[in-house]
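Novice: Sequence:
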Amino acid sequence: MIDRRLFTHFDWGLLGLVILIAGLGVVNIASATASYRLVGTPYYIKQLYWILGGVLLIVTVCSIDYHVLEDFSYWLYGILMVLLLVVLVAGRSSMGATRWLNLGFFSFQPSELMKIVIIAVYAHYFTKSPNLNGLGFKDLLYPFLLLAGPLLLIMKQPDLGTASLVFLIALSMLMFVGVRFATFVSVVLAAIPLLFAGWHFHLREYQKERILNFLNPERDPLGTGYHIIQSKIAVGSGGVFGKGFMGGTQSQLHFLPEQHTDFAFSVFSEEWGFTGCLVMLLLYLCLVLWGLSVAKKCNDRFGKLLAVGVAAMLFWHIVINIGMVIGIFPVVGVPLPLFSYGGTSMITTMVGVAILLNIQMRRFMF
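The sequence shown maps to residues 9 to 374 in the numbering used here.
The set of hints was computed from the structure by calculation and includes no laboratory data.
Do not take every clue at face value.
[Unchecked claim] List of simulated lysine-lysine pairs, DSS-like, C-alpha gap at most 25 Å:
| hint | residue 1 | residue 2 |
| --- | --- | --- |
| 1 | Lys305 | Lys136 |
| 2 | Lys146 | Lys136 |
| 3 | Lys251 | Lys240 |
| 4 | Lys251 | Lys136 |
[Stated by the list, open to error] Cβ-Cβ distance ranges computed for the label pairs, FRET-style:
| hint | residue 1 | residue 2 | range |
| --- | --- | --- | --- |
| 5 | Val287 | Trp20 | 17 to 23 Å |
| 6 | Val35 | Thr257 | 49 to 55 Å |
| 7 | Leu153 | Phe263 | 41 to 47 Å |
| 8 | Asn307 | Gly255 | 27 to 33 Å |
| 9 | Asp73 | Arg45 | 44 to 50 Å |
| 10 | Met254 | Leu289 | 21 to 27 Å |
| 11 | Thr283 | Ile241 | 15 to 21 Å |
| 12 | Arg309 | Ala98 | 54 to 60 Å |
| 13 | Thr49 | Lys304 | 37 to 43 Å |
| 14 | Ala98 | Leu297 | 37 to 43 Å |
| 15 | Pro265 | Trp20 | 35 to 41 Å |
| 16 | Lys304 | Ile200 | 34 to 40 Å |
| 17 | Trp83 | Phe152 | 19 to 25 Å |
Don't be surprised by glycine CBs; every beta carbon is placed ideally from N, CA and C.
Kindly generate the complete structure, drawing on both the sequences and the hints.
Specialist: Here it is as structure tokens:
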């Protein structure tokens, strides 16, 4: 039976903030896809379905004690590792990448769910194996082994964006737990030759081109540099107050690629200008700080680590996507949480929000 007293601590403010951001995303998707010739359900209606499904998922997750994740985190990790292997063998390919499993009525990306699972696995491990004096090199071996498997499989798809996010989430949690300074410096120095080897032997040519064109988009303005150039034009042309709803020329005239997914923020910037962007960034800042506040208030170490991991996931998604559309990061295909079109991304973010709400509801019980 569910203790009804738990719902007296339900954080309606956090849920309202999430729905507000998602609602703005639906309006933006409607504008970004207004000039599309579609057969079937419009994208913004599909996004509404995913939001509704996400809210129902929040209710479901909140009705279960989040400590269940502690008990089943390794099982979930094993299942996702198997699914990532299945993706490489029988996954659906699109635009040169094999990232999706087709279940008939919908497709999903197991790599997206790995973001949540790696948070749960790390929270479980560092709850059972706390180190109050800071993590040394030996203490990092097992966490790095847990991380290496998913990273290699996700990179193999290839999906540099998701792999980077999984790595940054794990790194953020390690920094929160505490790493000795000498260990941190040693790991950074050891990573330099690995990055060199990764560039020459692992990255695909198009991934190298994205990085090189990030450094100099003009070297291929009609090819791989096109995305960054058109996105920066859209962001800059918005001015202070923007061109208004459906008034953006970059999106309505189809100059901007992937305008309802990875570059949704570019559409928003052109239509609502600096003022609208500032409001959106403040909303996202509130969301990340809310997650950190949940971690601060939680008296349970596992819950605290979970909340930090979810806040890190949201933070890095926001930073990388917005950095990508304004040209300070390479184009790596990272969606803006709750805002960009996409079912798996929406569900993953909603699960993260549900975990925060779950921890907030039960913080008085531990």
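Novice: Are there hints from earlier that the structure breaks, and if so, what are their numbers?
Specialist: 4, 6, 8, 12
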